[in-house]
Each structure stands twice: as structure tokens, then as C-alpha cells.
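Protein chains in written order, with full-length UniProt numbering: chain D, 1 to 248; chain Y, 1 to 280.
If you are wondering where the hints come from, they were derived from the structure by calculation, not from laboratory data.
Straight-line alpha carbon distances no greater than 20 Å define the calculated DMTMM-like cross-link-like pairs of lysine to aspartate or glutamate that follow: (1) Lys263(Y) / Asp207(D); (2) Lys5(Y) / Asp225(Y); (3) Lys263(Y) / Asp222(D); (4) Lys224(D) / Glu264(Y).
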Amino acid sequence: MGNPAILLKDLDISYGSTKVVRDVNLSVAEGESFALVGESGSGKSTVLKAIAGLAPDWTGQISVLGQPRGHGPDSGFAKTCQMVFQDPYGSLHPRKVVDAVLREPLKVHGLGNRDARIAEVLNAVGLDQRFRFRFPHQLSGGQRQRVAIARALMLEPKVMLLDEPTSALDVSVQAEILNLLKRLRAEQGLTYLMVTHNLPVVSFMCDRMAVMNKGEIVEIADAKQLHSGDFSHDYTRELYAASGAEAV
Amino acid sequence: MTATKPLLDVENLRVSFPTPTGPVEVVKGLNLSLGRERLGIVGESGSGKSMTGRAILRLIRKPGKMTADRLAFDGVELQGLSERKMRDLRGARISMIMQDPKFSLNPVMTIGYQIAEALKAHENLSRRDVQARVIEMLQAVRINDPEQVAQMYPHQVSGGMGQRIMIAMMLIPRPDLLIADEPTSALDVSVQGQVLDLIDELVREKGMGLILISHDLNLVARYCDRIMVMHAGQVVETCAAKDLHKAQHPYTRGLLAAVPQMKETREVLPVLDRSQWGGT
Ligand SMILES: Nc1ncnc2c1ncn2[C@@H]1O[C@H](COP(=O)(O)OP(=O)(O)O)[C@@H](O)[C@H]1O
Ligand SMILES: Nc1ncnc2c1ncn2[C@@H]1O[C@H](COP(=O)(O)OP(=O)(O)O)[C@@H](O)[C@H]1O
Ligand SMILES: [Mg+2]
Ligand SMILES: [Mg+2]
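So that you can see chain Y by itself, here it is in the shape it has in the complex (with noise of 0.2 Å):
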């Protein structure tokens, strides 16, 4: 069944910014193929994972400009639809976690009314319907008292809670593709695994496709098939992710060495050279 029509096809996809002296390429070609599999994207800040993430749901913001040969999910070319129809597409097909749960939700409605919000805006039911959904994902989420909660507005949350109020909202539409961008970086070590573990549990569940964005290496290791290292916006290699130790790029080799271990012996770390990268 992967071996069919990819779920998602990206061939040459290129996002530019202009600048004084003429426009800067952040996301310099980057072609990409995905199934309903869990694909890790990692690389330093500024090498173009969100641009990428942000390209494919065609959300650059201006005056950034994107282009690609294709830009293909489930057979259909995203360049051509209107923007209507991408906006019907977002949320219902394709979703995206974004790094910050307070800034993503909205402060002055209450989190039951915008996890409704989602679910109606892309399927028609009835308001017990709704309700019932709300709960029920609330509930997948691993809110205990979910009526509760469904009162309470955002600032009334954890960062955890909130974290994973946003993953229900975003797959409250059973999309087919979920996009996390760092999607538990503003969140404590323990919890972050929690938040990983549910959205693991759900994509799997349910067979959908993932992209999970991350600059921490180790994670996407955990918690992704493949993985793909960007450098200052292309992709320097892909590998399976129980082959990311040996990875054979120096540029990976150089960023898994720099890595602290939990069982440390090393005296000095290696670093980057980055004059070899043309970059800071």
C-alpha cells in the first residue's frame, strides 16, 4: 500500500526571500516523497525546516515567494488550487503543530468552542455530534476531566495541557498528514515525552503520514522512520532512523558528536567547523 501513489510528492521546491541585493534562497531544491510513514526533519536553526513545513501547506508568508515542480498530496497539485481550496485542505487533509501552544490558540475563547471550531469547520454534524467528538478527542488526548476543561480558557493551562489541547484540535478532522513543527520544544523533558508518545500513538492508529521538524537529533531518532538533515536549506542526507548513528555525512557526524552523552567522558566536545559550511 506505500508502494503505490505517495501521499505526499515534492520535487523541487524552492523558497526565497528578497533582500537589498536580490532575493535570498532559504529552501534551495529540496525534493521529498512520503508515505504514510513518520519522516524527521532536523538541522540547525535558520537551515529551512519550518520554510519547508510552512511551503508544503503553502502558507510563506509575503514578501517570501515559493516555487516547485510539484507540490503533490494524495495525486493533486497543491500549486494550482485557489486559496479557498487549500483552506479547506488545511486542517481537514494536512495539519501543523506549531512550537507554541499559547500563541497558536486563541486567548479570549474557550478551548471546547475552538476544538469545535476545527471539527465544523471541515465536517458537517449536529451539535451533539460536535460535543460528543470534542470529548471524545479530549479524552485521546489524555484530559481526564474533559468537560471540564473544554470550559476553561488557554491561560488557564499548563504548556503541557496546552500542547496537547492543540494536537487534538488538529486532528479533531482526521486529517491524513500531521505537520509538528518542534512541536514540544517549549516543553520540560518529562512532559515532552508524553506529548511524543500521543502523537506517536495517534498517527499510528490512525495510518497517517508524519513530519516531525526538530533541531534535537535524538529525538527524531526516537520517534521517526526516516530522517532527513537539512543544512542551510538543502537536504545533506536521508537515512533510516536506526541508521542515523551511522550516518555518513560530515556535516550529521559533526552535529551527533557535539551532542553531550548522558554518559559523558569526552573532556572537550568537537564542534562545527563552520568555515567548511560557508556559514555562522
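If we strip away everything but chain D, and leave its shape as in the complex, we get (with noise of 0.2 Å):
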């Protein structure tokens, strides 16, 4: 095998003098679906940032693919990484058409056959051609959710970073955003490392788990233990207690 896809080592991050992420170990795998799991303010999302360069205070290590990388924005990073929020509300444009949020990382990274592309793209996650020119007011929540990862595919990245791609949605749009992603994975080979809340949705995505909890990993399992609950830390146990186990 070769260089994992992402691999953290003693990372910390900070915002200001404050310290919320401590002393991270992570290895995914190419190809891997991995989950960060654990409540709110934990530090999934700053793992996230900081991979993405949206956190620059750390410190430690963090590869992509082999490829050390450094404090800020990267364009160069762009390209093999790209980052999907929650909120597909607030992360795009309200002004721009669903054409223009497509169009605009081709024209900063200075790719050409755009039309193609887009339409290409579009097909990919699902979304008819008549969408192209709707503005995201004109969308509902899950077509939007379906741009955004539009938009994060335009570079044909290998790693995507999710952060909670489908807590703002309904469970039957969920369903449809979870298939689209799984599909999206095997057809071009993707990496995923994604930040959920929902640990039945990491049964249905993931390979393995880590779980967060005050800013450190407690325990990274394989998703396979979610089905007998069998896990080392009792934080974990109480997560998967509280996340009603039983089913309807």
C-alpha cells in the first residue's frame, strides 16, 4: 500500500489562545470512509478546518495523499482535497446561479471545457440540466446539498472532507444524499472523511469510526461494532446507549 490519504500525527488546534483539539493520531486509508463521531463542540469540525486550511493554528503533522500540508490555503491543495459543509443554505451564493458556483473553481484553477464539465458534473449528482441557471433560493434543501457536492467534485478531487452533509435534511432526502455519496465513492474512487452526529448513518457509510469527545479521540473502532454495541470506552457506550440502539 501506498501513503494513506490522510494522516494527522500529534495534531493540535487552536483558536486564539484556546486550545480545542488535542493531540490527534489518524490514519485513512485510500478509498476509506472514516467517521468522526461524538456531540457538538467536541472538535470534529476543527479536524475538518484544520485539514481543509481554515484553521491555520496548529501543530503536529498533517499529510494529504503524502503531501505534507502547510497553514493556509493552498490552491494546489484544492485540487486532491475539498470540503462539504452542513448547511447547504449558508455555503452558497445567494446571488450566483447554480452555473456560476460550478464554473468559478474551473476558472480560478484555469481549467478549460467548462460547459462539458458542468453538464457532466450536474449528471453526476443527479441533477437535471434545467437546474443549471436556478439561483439556491430557487432550490430546495436537498437539490442545494446536491450543488454543493457538485461543486466540490469540479476538480475532480480524491479526498473529500464532509462536515455533517445531511443534518439539515429530511430523512427521505438524507437517503437519497447518503446513496448519491456512496455512489460517487465507488464510481471515482473517492476518500471520505466525514463528520456525523448520526451513528446509524456511519453504519451505513463508513468503514471505521473515531470518536471525539472534549477535543481528543477516545477510540476509533470499526463500524462493524455498531452492530453489537461492543466498544472499549465508556463514552462511546454511552453515545451508542443514548443514540437509541433499538431500532422502530
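Since each chain sits alone in its own frame, please combine them into the complex, following the hints.
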């Protein structure tokens, strides 16, 4: 095997003088789907932001596909690694139509063949071409999340950082987006690092998960362990019990 | 005792909003009869759950419009009541908990003051009795240091504590019916259970009626006796909570099937055929 897709070593992350993430060590293999779970405020988004260059104040080591990452935004990095946020309302520019949203990364990176690429990506995320000239407010929540995923795919990244990509959606729409993410990963050989608070979503989407509590990873487990509830750390067992392990 | 007069009796409830092409109905002829029991209303966003909850309290804001053939609480038709009488009823006999506690609490008043106001609006008590009831209520919602928390402002407490304070505020006048609209959507899974257990315990203890509104099927199944499934402003199915897994309506079945399971083995989740429902 070559390099891991994502390697985090002794990672501490701060906002100003407050350290919010400590001593994170993690290795995500190429093609793997890996979850970060834990309650809100535990530092999950902060880890993704540091990898994406949006939380520059960190120490330790971050590499993606064998390339060490610097502390600021890095346009070369954007081509290998992209992030999708929870809130499809907030993450799209309200006055830009879908076409402009998707065209922008191509312009920034000087890539050609733009119309064809946009059409192809819309197709991949299951959005009809008629949505191409709509504004975000003219789309449903699920359609907006498809646009956000399409935008992340424009540069054909190998690694996707997904921050609660379906938390704001209804269960039926969530099912559509989860199926879409699963299919894209298989088709394009993507690696996912996905933040979620929903353990059943991990069970459906992921191979492994890291459980975070108060800025630290307390356990790394196989997603299969969700079938038995057999976890080694008390906090994980608590989280499992609170997630109502019994189904309807 | 439940077989006699229902606590709440609603017939043909309709809520509409004007649009350039004429009024659009978002609640379309809903019927509902509730005793001192726990009813869950589930459905996807936009299905009309919140509008139903608000209409029961006559809280539909303009330009929205509501009508009903009957909207009776404890045998009294609410549509005939003056706005003043309605205000007396709200809080005192019917309370509503909304989704976001930070939004519903007044940021510039202490928590103790706000809870006391909620009580004083409906009961004539001495200062000392008010204080005692406030502390007792904060304890009932499992706040360990009630005297100290009573002095704090909303921004100084966590989301979970904020929601427990909301519950204290809503329950302190000892209402007969509590309408809880997505009371825990803004909270963590770990805290959600605690808040719902608390609502559940208080509702059972005081023999209140509860309408729990949520998009989460598992959650209403766990905390209610009966479930109403709404789609596009209509009730498509009503069933006992314990029978939810046997639901018949294809829409309900579709929703249930779309929920990922803890012991998931499916490669693909089934999705709703939206064309069948005419919506998006
Ligand atoms: N931009 C920021 N500035 C200062 N503190 C922040 C910022 N973003 C997050 N935090 C704090 O960092 C901690 C971890 O937050 P976050 O990574 O968003 O948690 P999670 O995603 O697990 O909910 C929290 O205590 C949060 O309040
Ligand atoms: N002020 C308004 N004007 C027009 N339509 C509205 C207004 N408020 C709500 N609606 C519509 O009413 C429908 C029902 O809303 P609501 O009861 O809030 O749904 P739910 O609580 O089930 O998500 C939605 O389709 C919503 O778009
Ligand atoms: Mg987060
Ligand atoms: Mg609502």
C-alpha cells in the first residue's frame, strides 16, 4: 500500500489562545470512508477545517496523499481535497446561479472545457440540467446539497471532507444524498472523512470511526462494532445507548 | 376518564397563505381529538406540522389565515374567544415549546425573572411563593444549583440547559396540554434523550395531554402513545405508536424505510418516489 489518504500526527488545534483539539493521531487509507463522531463542541469540524486550511493555528503533522500540508489556504491542495459543509443554505452564494457556482473553481484553476464539465458533474449528482440557471433559493434543501457536492467535485479531488452533509435534511432526502455519496465514492475512488453525530449513518456509510470527546479521540472503532455495541470506551458506550440502538 | 369529553377537539382545520395566484392551503382539513394522552405528529419539513400546532393556539401570523368547523379546548370553542381570553389560556392551560431555546428566551432578563413572570401572568401569588415555585420548578427540570441559575442570563447556559429552562417556563403554570414543536432538534443526541425523558415524566406525573411534533419517526414512536403522519397538509395515517412499524400507508412506509439503522446491512437506502406525491 502507498501513502494513507489522510495522515494526522500529534495534531493540536487552537483558536487564539484556546486549544480545542489535542493530540489527534489518525490514518485514513485511500478509498476508505472514515467517520468522526461525538457531541457538538467536541472538535470534529475543527479537525476538518485544519485539514482544509481553514483553521491555520495548529501544531503536529497533516498530510494528504503523502503531501504535508501548510498552515494557510493552498490552491494546489484544493485539487486533491475538498470540503462540503452541513448547511447548504449558508454555503452557497445567494446571488449566484448554479452554473456560476460550478464554473468558479474551473476559472480559478484555469481549466478548460467548462460547459461539458459542468454538465457532466450535474449529471453525476443527479441534478437535471434545467436547474443549472437557478439561484439557491429556487432549490430545495436536498437540491442545494447536491449543488454543494457538485461544486466540491468540479476539480476531481481524491479526498472529500464532509461536515454533517445530511444533518439539515429530512430522512427521505438524507437517504438520497447518502446513496449519492456512496455511489460517487465507488465510481470515482474517493476517500471520505465525514463528520456526523448520527451513528446509524456511520453504519450505512463508513468503514471505521473515531469517537471524539472534549477535543480528543477516545476510541477508534470498526463501523461493524455498531452491530454489537461492543466498544471499549465508556463514552462510546454512552453515545451508543443515547442513540437509541433499538430501531422502530 | 379519557372516554368522556376530550381535552382538545379539532374538526376540519385549515390554514392558508395568500400567493399571487390565490390562497395556498398548507393545512387541509385536519381532524384531531385528544385526551390526556401523548400524541406525536410526524412528517417531512413543510408538511404543516408547525402550522397545525400554532393554529391550535390561534397563533397563525398574518397574512396566514386559519378556519375550523370546531376548535374546542376542554369543551370551550376557542374561535369565539377574545384575544385577551386567548392570551390567558395560552401558558395557563395550553403551553407550547418551540425548537430553539435561545430564540424564545429574552436575552436581557435573568432566567429566574422570566420563569417568575410566566407564573405571575397566570396566578396571584406572594413574592415568596413565586420564588419557591421557581426554585422547585428548576429542580424539577434537574438543574442542580437553581438559586445560582436563576440569576443567570440565557447566553450563559448551554443549549441543553436552555431547553430545560424553556420547559420549566412552560410547565410552571401547570397547563393541561403541552405542545412541543421539535423541542430537541437543536440539541445533541446525548442531551435529547434527557430532555424528552424529562418532558415525558412531567407529562405523566401531572396527567397532561402532550402533542409532540417532530420529523423523527423513532423519536415519536418512543415518546408517544399515538402517531399522526402528515404529508402536504393532510393526515395520511394515524396509528398506535407501538404499531408504527406495521404502518400501511405507502408514504409512512417510505419514510420508515429511508431511515438508516444502527445494524445497517443495506447497500442502498430506498427513497421516496416524489412524483407520486406531487411535491418536492
Ligand atoms: N472560529 C472559532 N473561534 C473560536 N472558537 C471556536 C471556533 N470554532 C469553534 N470553536 C470552538 O471550538 C470547539 C470545537 O468546535 P467544533 O470543532 O465546531 O466542534 P464540533 O464540530 O464537534 O461540534 C468548541 O468549543 C467551539 O466553541
Ligand atoms: N408565511 C408563510 N407564507 C407562505 N407559506 C408559508 C408561510 N409559513 C409557512 N408556510 C408554508 O406552510 C407549509 C407548512 O409549514 P410548517 O407547518 O412550518 O411545516 P413543518 O412544521 O411541517 O415543517 C410549508 O410549505 C411552508 O412553506
Ligand atoms: Mg461541527
Ligand atoms: Mg416545523
